[in-house]
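Since chain A is already given, all that's left is putting chain B on it; use the hints.
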Amino acid sequence: MVSPGELWRRIWYLLNRSRFERELRDEMDAHRELAGDGGPRFGNALRLREEAADEWGWAWCDRLRQDVHFACRLLVRAPLFTLTAVAILSVGVGINLAAFEVLDAVALSWLPVSAPERLVKVEHSHPKGHGTSFSYPEFAFYREKAHVFSSTFALVYGSVTLGDDESRRVDGEFVTANYFVDLGARPLAGRLLDPADDRPDAPPVAVLAERVWRARLGGDPAVAGRTLRVNGHPFSIVGVVPETFVGFRDHTSVWMPVTQHRVAFEGSRLLDDWDDHGPVRFYARLHEGLSLPAAEAALAALPGALRTAQPSIVMEGEWLDLHQAGRYLPLDGANLAALALVGALVMLVLVAACMNLGVLVLSRALGRDREFSIRLSVGATRGRLVRQLATEYLVLGAIGAAAGCFVSVIATRVLVVATDMPAGIAPHFNSRTAFAAAGLAVLASLLFGFTPALQTTRPAFSRHLRLRSVLVGIQVAAACVLLIVSGLLVRGVTRVVRVPLGFEYRQSVSIDPDLATHGLKAAQAQAFWQAMDARVAQMPGIAGSALTTLPPFGYRVSIDREGTLFYRVSPSYFETLRIPLRRGRLFSADERRVMVVSETLARRRWPGQDAVGQTYYDATVIGVVGDARTVRIGDGSTTECYQPIEPGDLPMAVMVARTTASPGEAARALVALARGVDGSLSPSPLLLSEALERRIEDPRQVAMIAAALGACALALAVVGLSGMVAFTVSQRLREIGVRVALGARPSHVVLAIGRQFAWPVAGGAIAGSALAALVGTVMSRELFGIGQLDPIAHGGALLLFAVVAAAAAAPSVRRALRVDPVTTLRHE
Amino acid sequence: MPENGVPPGTLVMLVLRVLHSGPLHGYAIAQRIHTLSSDHLRVEEGSLYPALQRILVKGWAKAEWGTSETNRRVRFYRLTPAGKKQLESEVGDYERMNAAIRTILRTA
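So the sequence lines, in the order shown, correspond to chains A and B.
When we follow my numbering, the leftmost residue of the first sequence carries the number 1, and every step to the right adds one.
When we follow my numbering, the leftmost residue of the second sequence carries the number 1, and every step to the right adds one.
Honestly, the hints are just simulated from the structure, not real lab data.
Among the hints, erroneous ones may be present.
Partial chain A-side listing against chain B, Cβ under 8 Å, derived [unchecked claim]:
| id | residue |
| --- | --- |
| 1 | Pro-4 |
| 2 | Arg-9 |
| 3 | Arg-10 |
| 4 | Glu-23 |
| 5 | His-31 |
| 6 | Ala-59 |
| 7 | Asp-62 |
These numbers were taken from a predicted model, which means no experiment stands behind them.
Cβ atoms here follow ideal geometry from the backbone N, Cα and C, with glycine treated the same way.
Pulled out of the complex, with its shape left as it was, chain A reads as follows:
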């Protein structure tokens, strides 16, 4: 145990080291003088002095300095090796660091708002289910009754048109007017919403996102007071929200007070419609020092109190659950699994890089055998040598990590641009990432230095080759996993594009008048759609139209545990989207308790039997149609069943239409038509081919990132392999010369070389393939369009690897084949 006083004295000695050393020297000189006449002999004065000074406890510090100095000298003396090593490490560390920076930005850092740690999202649960949204009156009830919140926010999403551009819709957000003030946002121009904007008699105002302000208004600094039409209704702009503001939703273009919802959506009864759990996302800020469980307990009685007044809205036994909302990405189960998977894949790049460098360092260690035997024989301990090597590798690791920091800066910059990440949460360097960089440096040093250190302190050439094979094998395995996984992802995306979805989307458009948002009930909705039907039938260039509850390429789903999607459609749906009838018949509009199922559902549910006439979910199956994946497009495991649309579904219904002319024109015509029927509406048109493009954008980005990782690992493995083959050939040149002299054919030579590294490569490829199959199984559950075992992705990746590896080995093999036996033998 070192007492504080002692520690302080030691540090004092370290700081005034030269003075204390001088004093020690004077003192020991005096001793020698006094003992002068035949007294005890001083040995080496310097050595004795150093031994005495070691008692100050800083000997390790000196040794470390020596080691670092020595390591630096070695690195400077071999610039080519150092450059290669740093380049390899910078890729491995840089990519991992970039991944960590992104993780840090989205999941570890608090949102850049005031007191983010107290923000929660309020949801509700009951014994049978869970809901994430509320109706506005419900929200208002809880806001008034809950005393655990210092403030509450309601957010309602609305897709709106801005200005005269009716073809393009942007994301609007209706918020309680305390939203910006409470989150601490500052306006870029004008002012943001303030509590006065919530008053029922307040004029309609809006604040714009910086992006929209620049694009549409040219960044006009005097924007406040200008009028902007939202869904065709005039709102006066009061200010601009800077791009760095991060709220509870990305890519919002315009914010308006929630009280103005009925202005933007004429007829909206948002504020007083109790309808079952409406569109309000409920966020709140807890009082200081209150924990989530304590707050949940304090809220426990409220749903029951509301249930006595509104028994149809609140379920028996309902409670409010709170979720931490101060971070961009909550680290819950599903996210954590996905992050762990991504982390593991990214880590493989580091493994590949370190194994690669390990081979390089191992070769160098072989050249230093002499140095180490000499040092061992003159009395250095094995521990001292290992410490020396560890220092060398750590120095190399540190330089590599520093270079990796630069790589990570570039990589995150590219990622931010490519994925359109909000400016406010963009990754940046902070103390956590610096810590991660140091950790990665140590980890990398351990990974690439372990085997060489093992080899150096117990030299044996045969083991050297074995270790080398293991390193190469691991590299190959890592590269194969990454290649196969990126292959799986790329194939997932292309499959969506290539494989017919089973319905006609290129010539189809959909139009969503959002009747429910405008407060229309079943009877009014029915009148609207009847009028629409009549007019669409008159329109030239429309080959058919139909209504559905699940819009194609939309995000609304109704799905059961077995992956069956429930559609409510009008009878013309199948003809409009060209979904073929395989057996039985289709339903008419007023039939009830009948159902049409997709082929795959019929085959899975009633294998070897006729599906027609079976009963499913209380309905009789009357027909079988072709598979048509309109919602979960990449997910082959889902099936469809269709029932006639009922009046109660009509406020939520969307119209699909197939055109024989240009879909863009048809969409515009349909919007005009809908507005002709009801001028208060602002319907959103959608060209299905464009919607499909947008749907596959995310998986395409994921696939691209995975492909980039795969390319890195492939490049590293190829460098490692070509190095190994070159080394093997140069070691065996003489032997090859002898073989050729004794009449070996070129094929024998190639075989002799090939046999040596066939095992590590084959072993690595098999291990990598197996690991990738495992990863694929996990991914197929989480990610869309991924087959569990995809022979083409596996085969393609392995073939690609084989071709590139063969190309990498070719120059060395050619050198072996050109060996002239006479020259090599004379060389002896």
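Same frame as chain A, now just chain B:
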């Protein structure tokens, strides 16, 4: 009896003990141990100075420069209260150990 080195582990105790009677410089400490042991114990300088540095770092003695009886500038070591306490505890330990060894030698 020939001259011996100090038994291992007792040097710090001996140094603290001779300092107990008053401040001394390094050479004088070695001399004092030598004479007090009737020339039996000789302190090697190679072990004396590390021991002294250790005593300083531990705070058991303080060092200050002064002049020796031969007018040479030397460093005197003065026992601190912590050093006195350490001396007592080391002497105690040593006597218990000695008694135990003696018992074994007598009875075994």
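Results for each hint:
{"no.": "1", "hint": "Pro-4", "verdict": "violated, 11 Å"}
{"no.": "2", "hint": "Arg-9", "verdict": "holds, 5 Å"}
{"no.": "3", "hint": "Arg-10", "verdict": "holds, 6 Å"}
{"no.": "4", "hint": "Glu-23", "verdict": "holds, 7 Å"}
{"no.": "5", "hint": "His-31", "verdict": "holds, 5 Å"}
{"no.": "6", "hint": "Ala-59", "verdict": "violated, 11 Å"}
{"no.": "7", "hint": "Asp-62", "verdict": "violated, 15 Å"}
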